[in-house]
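K.L.:
One letter stands for each residue in the lines below.
There are 2 protein chains.
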Amino acid sequence: MKPVTIQTVSYIGTGNVATHLAGGLGKAGLKTDSVWSPHKQSRDIFSRLIQGTAVDRLTNISLYSDLYLIAVPDDQINKVVAAMPEVKGIVVHTSGITPLKAISTRFVNSGVFYPLQTFSKEKEISLTNVPFCLEGNNKEVLESIENLANKISRKVYHVDSEGRAILHLAAVFVSNFVNHLYHTAATILEENNLPFDLLTPLIEEVALKVQHLSPKEAQTGPARRNDLNTIEKHQSMLADFPEYQELYQLITRQIRKHHHE
Amino acid sequence: MKPVTIQTVSYIGTGNVATHLAGGLGKAGLKTDSVWSPHKQSRDIFSRLIQGTAVDRLTNISLYSDLYLIAVPDDQINKVVAAMPEVKGIVVHTSGITPLKAISTRFVNSGVFYPLQTFSKEKEISLTNVPFCLEGNNKEVLESIENLANKISRKVYHVDSEGRAILHLAAVFVSNFVNHLYHTAATILEENNLPFDLLTPLIEEVALKVQHLSPKEAQTGPARRNDLNTIEKHQSMLADFPEYQELYQLITRQIRKHHHE
Chain A
20 MKPVTIQTVS YIGTGNVATH LAGGLGKAGL KTDSVWSPHK QSRDIFSRLI QGTAVDRLTN
80 ISLYSDLYLI AVPDDQINKV VAAMPEVKGI VVHTSGITPL KAISTRFVNS GVFYPLQTFS
140 KEKEISLTNV PFCLEGNNKE VLESIENLAN KISRKVYHVD SEGRAILHLA AVFVSNFVNH
200 LYHTAATILE ENNLPFDLLT PLIEEVALKV QHLSPKEAQT GPARRNDLNT IEKHQSMLAD
260 FPEYQELYQL ITRQIRKHHH E
Chain B
20 MKPVTIQTVS YIGTGNVATH LAGGLGKAGL KTDSVWSPHK QSRDIFSRLI QGTAVDRLTN
80 ISLYSDLYLI AVPDDQINKV VAAMPEVKGI VVHTSGITPL KAISTRFVNS GVFYPLQTFS
140 KEKEISLTNV PFCLEGNNKE VLESIENLAN KISRKVYHVD SEGRAILHLA AVFVSNFVNH
200 LYHTAATILE ENNLPFDLLT PLIEEVALKV QHLSPKEAQT GPARRNDLNT IEKHQSMLAD
260 FPEYQELYQL ITRQIRKHHH E
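Residue numbers (this note's numbering), protein chains in the order written: chain A, 20 to 280; chain B, 20 to 280.
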């Protein structure tokens, strides 16, 4: 094939990722063909809002879309791919951890369209600032989806399946794991009748700091300056909480090791 | 004493905390008396910018300031307090982990003026949004420093020494420890020639999410949804990195425990 200007999309899946992408692609002027989801209500709402046709079976999706966007849970990708009809348009998935090969063995034109961001129902997010990591099974596919990505984001990257898995892993550290530390702090405060609100300005500032400083340069605190006095006080405060103590000890040990050995 | 309107300040210490507070207090119309720091150059620059008098010995600081603001490293507070002359003005420290008693045994009017934020030289920060946690050795002191805090911040709290130590501990989790996770992710990417910039929009969004959602509700990811397949893939990618693996396993175990037991 030659690189195409993607003008029509069918959506496979109607969750957070599909919803946010459909919003952005709609604004960029793309038309929707079919919308499939295993959940009747979701596909009905989604297809009405985005002006596409809800289909109840994957075999019924349009055969003539320029793009098929698969945005289902990772463990559903294989099943969905197997159930789709043969199509000539470009089929992409949006998963970090799933290799291109999961779809390229089935479709002539296939790729990956991975937005490296956390999406939630409650919160609008501008796609302009979302990094899109792209891969294609041939260079025409890659060029076509790159042109598309450039319409909705300023941050478009080529990343192969191996690199994407690494990114996904690193993303778990800075999102899910970071959020677990927020949760731990929230619980410590709650147990002492102190409001979590006291920490939110600090949380925001720590995240903003690494937008222009490397995390290594940005590191501060008792472990960084090897302040054993404070570390000891903190540990004794955690004496009755083995779970928090385990976190405290492991991370403190690692920071001290990096900065003082 | 009666509650006073604090109009003059002497600064003990000229680091990040003192610099940011002096900027805010200056804008709020306060006059500077003395400026002390063990470092000649810092106290000279600081006193010129804030229009105070640099003094090389603590015994030479003004005896008539309304407020003495001690902002030195935690392990220097005792030494500084012992070296100060007797004064009638209010003496406060700005430390999270240090109890009020570290200064209240020495001065008739003493308190704590703890800004719960991370300050860096490179980055201006608006004090309006910084939570100030206040304590006084009598209610006149507390009222006086509360009036002062209200001039520079919208977020003023009364917190006793015990509560402040808890806050300081929780702050370590959401700042120093979170930053260590950023650093770990940065290293993983660096080892694979991927730019850290790819993660900064995600980092920002994760921090913004808990400004209006509890961290427990905000939790997502493989551990949260018990996706053993992905967890296993991630672990095998970390096989050669015992340090990252230890973090991965501990935090994954804790998230799974909270959400699935």
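Misleading hints may appear alongside valid ones.
Note that identical chains are pooled: a pair holds if it fits in a single copy or bridges any two copies.
What the hints assert, rightly or not - In silico EDC-like links for lysine to aspartate or glutamate, alpha-carbon gap of 20 Å or less:
| id | residue 1 | residue 2 |
| --- | --- | --- |
| 1 | K170 | E209 |
| 2 | K140 | E159 |
| 3 | K276 | E265 |
| 4 | K235 | E223 |
| 5 | K174 | D259 |
| 6 | K252 | E181 |
| 7 | K142 | E210 |
| 8 | K174 | E280 |
| 9 | K21 | E265 |
| 10 | K158 | D94 |
| 11 | K107 | D85 |
| 12 | K59 | D75 |
| 13 | K170 | E143 |
| 14 | K140 | E236 |
| 15 | K142 | E223 |
| 16 | K174 | E141 |
| 17 | K174 | D94 |
No lab work stands behind these hints: they were computed from the structure.
K.L.:
Determine for every hint whether it applies to the structure shown.
P.N.:
Evaluated hints:
In this homomeric assembly, K170 and E209 never come within 20 Å of each other (Cα to Cα): the closest approach is 45 Å inside a single copy and 29 Å across copies. Proximity of K140 and E159 under a CA criterion of 20 Å is satisfied in neither setting, with 34 Å inside one chain copy and 49 Å between copies. In this homomeric assembly, K276 and E265 come within 20 Å of each other (Cα to Cα) both inside a single copy, at 16 Å, and across copies, at 14 Å. Taking identical chains as interchangeable, the C-alpha atoms of K235 and E223 lie at most 20 Å apart whether they share a chain (18 Å) or sit on different chains (17 Å).
Neither within a single protomer nor between protomers do K174 and D259 lie at most 20 Å apart by alpha-carbon distance, with minima of 46 Å and 31 Å respectively. Proximity of K252 and E181 under a CA criterion of 20 Å is satisfied inter-copy only: 12 Å between copies versus 44 Å inside one chain copy. In this homomeric assembly, K142 and E210 never come within 20 Å of each other (Cα to Cα): the closest approach is 29 Å inside a single copy and 33 Å across copies. When the C-alpha separation of K174 and E280 is checked against a cutoff of 20 Å, the pair qualifies neither within a copy, at 38 Å, nor between copies, at 40 Å.
In this assembly of identical chains, K21 and E265 lie within 20 Å of each other by CA distance neither inside one copy nor across copies; the values are 56 Å within and 48 Å between. Within a single copy, K158 and D94 get their C-alpha atoms no closer than 27 Å, and across copies no closer than 61 Å, so neither meets the 20 Å cut-off. When the C-alpha separation of K107 and D85 is checked against a cutoff of 20 Å, the pair qualifies only within one copy, where the shortest distance is 8 Å, while the shortest distance between copies is 79 Å. In this assembly of identical chains, the alpha carbons of K59 and D75 lie at most 20 Å apart only when taken from the same copy (7 Å versus 76 Å across copies).
For a Cα distance limit of 20 Å, the shortest separation of K170 from E143 inside one copy, 18 Å, qualifies, whereas the shortest one across copies, 34 Å, does not. Taking identical chains as interchangeable, the C-alpha atoms of K140 and E236 lie at most 20 Å apart only when they sit on different chains, with a minimum of 12 Å there against 35 Å within one chain. In this assembly of identical chains, the alpha carbons of K142 and E223 lie at most 20 Å apart whether taken from the same copy (17 Å) or from different copies (14 Å). Neither within a single protomer nor between protomers do K174 and E141 lie at most 20 Å apart by alpha-carbon distance, with minima of 24 Å and 26 Å respectively.
In this assembly of identical chains, the alpha carbons of K174 and D94 never lie at most 20 Å apart, being 27 Å within a copy and 46 Å across copies at closest.
The structure is inconsistent with the numbered hints 1, 2, 5, 7, 8, 9, 10, 16 and 17, although it conforms to all the rest.
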